[in-house]
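S.K.: As a plain string of letters, each chain reads:
Number of protein chains: 4
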Amino acid sequence: MISFCQFGAGRIGQIHAANIAQNPKARLKTVVDVSAGAAKALAERYGASVGDPKTALADPGIDAVLIASSTDTHADLVEAAARAGKPVLCEKPLDLDRKRAQACLDVATKAGIPLMLGFNRRFDPNFATLHKQLRDGRIGRLELLAITSRDPGPPPLDYVKVSGGLFRDMMIHDFDMARWLLAEEPVAVMAAASSLVDAGIGNLGDVDTAVVTLKTASGALCQISNSRRATYGYDQRIEALGSKGMLRAGNVLESTVEFSGADGIVGEKPLHFFLERYAAAYRHELDHFIDALENRRTPMVTGVDGVRALALAEAALEGSKTGRAVTL
Amino acid sequence: MISFCQFGAGRIGQIHAANIAQNPKARLKTVVDVSAGAAKALAERYGASVGDPKTALADPGIDAVLIASSTDTHADLVEAAARAGKPVLCEKPLDLDRKRAQACLDVATKAGIPLMLGFNRRFDPNFATLHKQLRDGRIGRLELLAITSRDPGPPPLDYVKVSGGLFRDMMIHDFDMARWLLAEEPVAVMAAASSLVDAGIGNLGDVDTAVVTLKTASGALCQISNSRRATYGYDQRIEALGSKGMLRAGNVLESTVEFSGADGIVGEKPLHFFLERYAAAYRHELDHFIDALENRRTPMVTGVDGVRALALAEAALEGSKTGRAVTL
Amino acid sequence: MISFCQFGAGRIGQIHAANIAQNPKARLKTVVDVSAGAAKALAERYGASVGDPKTALADPGIDAVLIASSTDTHADLVEAAARAGKPVLCEKPLDLDRKRAQACLDVATKAGIPLMLGFNRRFDPNFATLHKQLRDGRIGRLELLAITSRDPGPPPLDYVKVSGGLFRDMMIHDFDMARWLLAEEPVAVMAAASSLVDAGIGNLGDVDTAVVTLKTASGALCQISNSRRATYGYDQRIEALGSKGMLRAGNVLESTVEFSGADGIVGEKPLHFFLERYAAAYRHELDHFIDALENRRTPMVTGVDGVRALALAEAALEGSKTGRAVTL
Amino acid sequence: MISFCQFGAGRIGQIHAANIAQNPKARLKTVVDVSAGAAKALAERYGASVGDPKTALADPGIDAVLIASSTDTHADLVEAAARAGKPVLCEKPLDLDRKRAQACLDVATKAGIPLMLGFNRRFDPNFATLHKQLRDGRIGRLELLAITSRDPGPPPLDYVKVSGGLFRDMMIHDFDMARWLLAEEPVAVMAAASSLVDAGIGNLGDVDTAVVTLKTASGALCQISNSRRATYGYDQRIEALGSKGMLRAGNVLESTVEFSGADGIVGEKPLHFFLERYAAAYRHELDHFIDALENRRTPMVTGVDGVRALALAEAALEGSKTGRAVTL
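Residue numbers (this note's numbering), protein chains in the order written: chain A, 1 to 328; chain B, 1001 to 1328; chain C, 2001 to 2328; chain D, 3001 to 3328.
None of these hints come from the bench; they were simulated from the model. For every residue, glycine included, the Cβ atom is placed at its ideal position computed from N, Cα and C.
Straight-line distance between alpha carbons at most 27 Å, and here's what the computed DSS-like set of lysine-lysine pairs gives:
hint, chain 1, residue 1, chain 2, residue 2
1, A, Lys25, B, Lys1025
2, D, Lys3025, C, Lys2025
3, D, Lys3132, D, Lys3092
4, D, Lys3099, D, Lys3054
5, C, Lys2040, C, Lys2054
6, B, Lys1161, B, Lys1321
7, A, Lys40, B, Lys1025
8, C, Lys2244, B, Lys1161
Distance windows between CB atoms, simulated:
hint, chain 1, residue 1, chain 2, residue 2, range
9, D, Gly3085, A, Ala217, 54 to 60 Å
10, B, Asp1291, D, Asp3263, 38 to 44 Å
11, A, Glu185, C, Ala2183, 57 to 63 Å
12, C, Leu2275, B, Asp1136, 34 to 40 Å
13, B, Gly1047, A, Leu328, 52 to 58 Å
Turn these sequences into a full structure, and let the hints steer you where they fit.
M.R.: As structure tokens, this is what we get:
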């Protein structure tokens, strides 16, 4: 039985707490949040207690730490947990600044703690099936990868301001998927971006529509397409072309119901919200972390992956401004 | 908080127990099973105790009874629960014999207890969406209904012997779906059936492949197609044609991954097993029962529905032998 | 080079004439029609001359006769062509009366002429592919067949009056498909029908919505679903379940374009009109007839098929009234 | 009636000749080919005569010229036709060298002849439907365009040598589609390319796998994906995301038949060969040219489009080598 201390009792924290509860090998012991009320509500729901960082990390009854607090607290909390010798599952990113992220990772590495980063999409059953078939050689050598990732609508400008920008905040997931699927590091990044969806985003110096091309040393190519707006819902697709065929993972629809009428054949939209779309992914991610701890194995996605995805995001941001391929 | 006594700790009982556990308004208090070991294992998993029928039904701390034991115990247990004044959620059927089922229903009605029957498919999110759109008038008046229901493979002959036969055991679900979707009672039943899949089934006097036509007083027609074998998985589809269009609910696939190669474009199969396919349906069914109890409303599907579906099954069985339409 | 005399210069006649023109082994020599204007227009378009039945059938330069005139002229024209020793491709049916059709067939058989009947759907590339895969054993033994056939909208009542009724006029195509795909004669027919679409059709004693079940000696079952109205277009689908899998042939859509928006994912409708939907089928049908003549082989579909499909239509009509299975 | 002189009696010439034959407003009068045998065979099939360039272009009975000869003859023939005052439909490209193409275009412009270039994909019914809906505003403002274009297999190396390279030979079609759909000229081109499919192609200094990003002045982005190999057939898809939704045009499949079995649900592959896939497009292209001549309207796609697409191809080629965005 692994007892968790969880930092963060907000929207994503509630998801993680429910997933801890459903895993027979885990329990939520302590909840820490800047809002005492949020911490208390979540703690009560799962029979946990409310704690403070210092005491919680010093508690020998705590076996693992889950960090789901605000982005700017991640690096400090990871370091504190590392110093306390506690394994960590941290929501992405470690930090929006790559140097800070690297420093944090160095602390964790030195401390020798398992540090898993919450790139949840790797645990989506559809993408995981595609990945497995790719690794099993179903399409031979991977030559062209295409990742489409579009949000149903733009976030509030207050969020945009602190988000780190589209490349670091949104496309970071796609960079991680690309690295995971390519199984090879990109050596060149080319990017183009626009502000088309929301003028407010452009006024903040950010973009809302962006495409990136990655190239690996072996010549494999990857195209990423991002938009902050898809009127038909959360659009999350992957297509991989190889020497023996193509694999595609499509959207997950609201239901299988289809209406045929005078205007055509109308199928349901993709699931609208990332928490619904990736509900199984969050659960599998936590189960994987617990399995890794129990079996003393390195988790599938670590702080290193976080730093490398961030390096790609920075390269894309730079390339989108200069129009040049950025070499890594 | 509704405290349940559950009869049956087998395969389907484990599903129900897990669903009770995930509903914040319910808890499993007592488990009863002919196998002491099975009862103990399930009770321990959810912090319940093992009980015997008499004591459990007399326990004032029990608010509701869930019957998931073997079919031949259903009617007796429903009657015992009714006499104890406990609301019941009973797996289908009340009894394979229509007279016995009716007698049991009479006892429950007289006792005034809520009696919900486990026709789980009404709670499948896809079929529920189709039903809602039908009721909302999206296709106008319903004229032609087609229900396809095929098992991945035939059950063991030991099960076939006690199953009551394909019409009572398997097509009974489709009769319930037909009544629910038609919103009108069938007045005529025509059936044709064969033993094509497994000669052993034919030797037992049962069939494994069957089609039925239902006709309502208003002239709406319904076609049902059953087979005990579909090599591609559990095939569960509904198609409804109306004056303004058509609604279809398709199969739920194992994932959205699709492979394109020299042999064609290969999508995943439907989910193979009914417990996977209807996992959400079982959960929603239980949630519905709990909501009905809390709000003192009649559950959507009652013992009356069970008796009526059984009457259709008997008519189909008769018709499949005589070749005549059976009038109801 | 096969020189055709064609009877009928109406809508379907124009299709046949164009198909004769595109086949490098055939030419249209003579056109006969009760409307002198229609005959002249069609003849001019393809460099043919206008003729009368007697002269045309006596013309030694005519190698084959194509009958696309009104239904009530078919049997007489087939017999006249047979007496003149000319091979015939006749639009279905030979006659709406089975005895008359049989008598006509007897004349043709006695004369020894090739007589092909225009059951065009056998030549649809999609259905032909399904048929081929079925015959090649892809799904093993055929156990359940489902044929869906729905018109976009009901025909004018003037047509309904002389049509012979839904079973003889519309479902006759499905009876032919069933016989062709089952590769075995049905031994029992069960039918149910209603007038739901157009009260005028009911007033004429006809039906507009009908379902039929066929059973063969080996126990294979077939379900047919007909409606005179499908708001989404011409609905023509086949599904075949066998011991090793299922084959389905779906509708042909107006284009591959799909729109994703706030109301769902909207695909195009099926092609609306039978002449569009079966354009390739009509062309392949004629090519097949010409090949059969050139290679002195019996065409794939003959007058015998016409009489047998008519027998099924009559049985279904009777069964829809009595509610009894009609044995053949 | 428009009388054509056609240059080229090879594979693509045969398609054009058949399309001239089926158009009631046109006829093939003269065929010119370097192979006397090929010219004769084609001429005989359609009742045309064999000619030589000089005589044919001087023939006052020739109303239009169709150029389907080898690429290196296009520019000279267009200029000769221009000087003779004959309207031209020329297979793409005018020339592989942009300066030569521009010079040729200048001659045609000065002569004032209609010059249509054979970018056949604009006339594909699926892409034309997508284009129409885009122009009709169905998805609002176009923000992201994705064009996927993959050949079933690489061409022979002898062809590759004279092809002008992937960007000029293959992606040129996608550049034309992009310009047509964006309705705005790209101002920047970024490209990345590899030789992954066939080492022989790489040895010739060409690539077989390439991706390009285009950006317009208004900020719209377009991604193009090309490969010389798709084991599942000819892959031709377009996806357009706009402010109000998304439009997609998918592949055209060999039939609608789908097989469900133990390995999944297997649909048919895309049509394998470009002549099959674009059969309707070639026909509509010719019909459009004839309509344009008859109605004295400028054809939808002219030599200007050819030169502009070539400029994009050259920019992409340069960018794929330098890694820099090329500004236009």
